[in-house]
Amino acid sequence: MRLGLSSEAAPDASLEEVAAACVRRGLGAVELVEGHAHGVSVRSTDVAIDRAARALGDAGLADRVFRPEPGGSPDWEPIAALSARLGAGVLIPSAWAAESGRMDAAASAFGRTGGRLLLAHPSDPAEAAAARRLADRCAPGQATLAWDADPDGPPLVARAAPVLDAAGPQLSHIRLRGSGPEAAASEGKGIGALMARLTLRGWDGVLLLAPAVSARLPVWRIWLGRGTGWGCGSRTASEDLVRLGTGGAR
Amino acid sequence: MTSSTPGRRELDVRVIPPREKHPAIFATFDALSAGESFVLVNDHDPFPLRYQFEAERPDGFEWQYLERGPVVWRVRIGRR
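Residue numbers (the numbering used here), protein chains in the order written: chain A, 1 to 250; chain B, 1001 to 1080.
Because the hints were derived from the structure by calculation, they are not lab data.
We put the CB at the ideal spot given by N, CA and C, even for glycine.
Misleading hints may appear alongside valid ones.
[Said to hold, decoys possible] Residues from chain A shown here face chain B by an in silico Cβ test under 8 Å; the list is partial:
id, residue
1, Met1
2, Leu3
3, Ala62
4, Leu164
5, Ser179
6, Ala183
7, Ala184
8, Ser186
9, Gly192
10, Ala193
11, Ala212
12, Val213
13, Leu217
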């Protein structure tokens, strides 16, 4: 099992900052969500993608996930090309992929480029099984599953066994919201029991850490060692805000 | 990418709420058969846990450091 970081935890961080935060926390995987400050996008040039791949490789981030912005009718060719070039699995919601022949178009494009798809499903065994059937339509190793595990609701461990059984060996990633610095607040939600169950199953996938809600990003900022915590706030302040008298010399 | 090989058993407690960590570790250990093991991953030296094992599972466990920080500690915990 390897832990990874979603850029949802640091949406304002550059790629280098995200990579450095992973190194500081001993994380070996990363999820880059399109639109965040890391800058990796379907519209990125090959040079920019190669530069990003090198930066991630230098940080030891061998397992990479790219989550494109949701769109109505995606052009799979550049997404698949980015997947192959960045060495990243492209994460898309499985229910969305199942609509209107999107999966067949995606499988075709990814088959040509050698990229990988990750089909995300919620904590619902039926949806996990549906995602697995979609993945089975692709070439071996071309598509795997990503469980989007939200600790809210019934205890995770109660939902885990049927979801894990339904997803089977295709489950390569789990996105765990409310972990990292929020773990203490997730007490009683079954994360400990879930981890024990995954261990005993010998699950060897990637666990991506993500915030539960964006309001908790300041806590993640400190946990990831970004910035210096509480400052005096004067670094960019105007000197006009500090006056020792009226009309006196500065 | 995925496997169910028992030799790859790894329990990363960095994501587990503090009060659930030791119960999860002991639940994992207790589910092992004799001769099996798992690798505990933590962000600090888990030596207090070893004392707890010595107190609660005397002579029943093996403890081997695989990595000693400074960011990540890995300990193989086996059941005799």
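Quick rundown of the hints versus the structure:
no.	hint	in the structure
1	Met1	holds (5 Å)
2	Leu3	holds (6 Å)
3	Ala62	violated (12 Å)
4	Leu164	violated (10 Å)
5	Ser179	holds (4 Å)
6	Ala183	holds (5 Å)
7	Ala184	holds (6 Å)
8	Ser186	holds (5 Å)
9	Gly192	holds (3 Å)
10	Ala193	holds (7 Å)
11	Ala212	violated (13 Å)
12	Val213	violated (17 Å)
13	Leu217	violated (18 Å)
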